[in-house]
Amino acid sequence: MQDQVAEPLEKRLQELKWYDRTETYTRPGIALITLSLQDQTPPSEVPEQFYQARKKARG
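Under numbering that gives the first Met the number 0, think of the first position of the sequence shown as 0, with each following residue one higher.
Hints listed in this document are in silico derivations from the structure and should not be mistaken for laboratory results.
The reader is advised that the hints may include incorrect statements.
Across the chosen pairs, the derived CB separations fall in these ranges [stated by the list, open to error]: (1) P42 - D2: 19 to 25 Å; (2) G58 - P27: 28 to 34 Å; (3) P46 - R26: 16 to 22 Å.
Here are the simulated lysine-lysine pairs, DSSO-like style, with alpha carbons at most 30 Å apart [said to hold, decoys possible]: (4) K10 - K54; (5) K16 - K54; (6) K55 - K10; (7) K16 - K55.
Every residue, glycine too, gets a C-beta built ideally from N, C-alpha and C.
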């Protein structure tokens, strides 16, 4: 799960303009990824950044 799903998605998320870090938890059949944006991310940009993250998660 880590190699096939989590790592490729983490790499795509790093392309986000205000990316700070991701934390990943994997178990057989599930991957949970938490995305954090930089502290200086303008509040008006947050919805767009998470929209872009969801698009990247869909492939």
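Indices of hints not satisfied (ascending): 1, 2, 3
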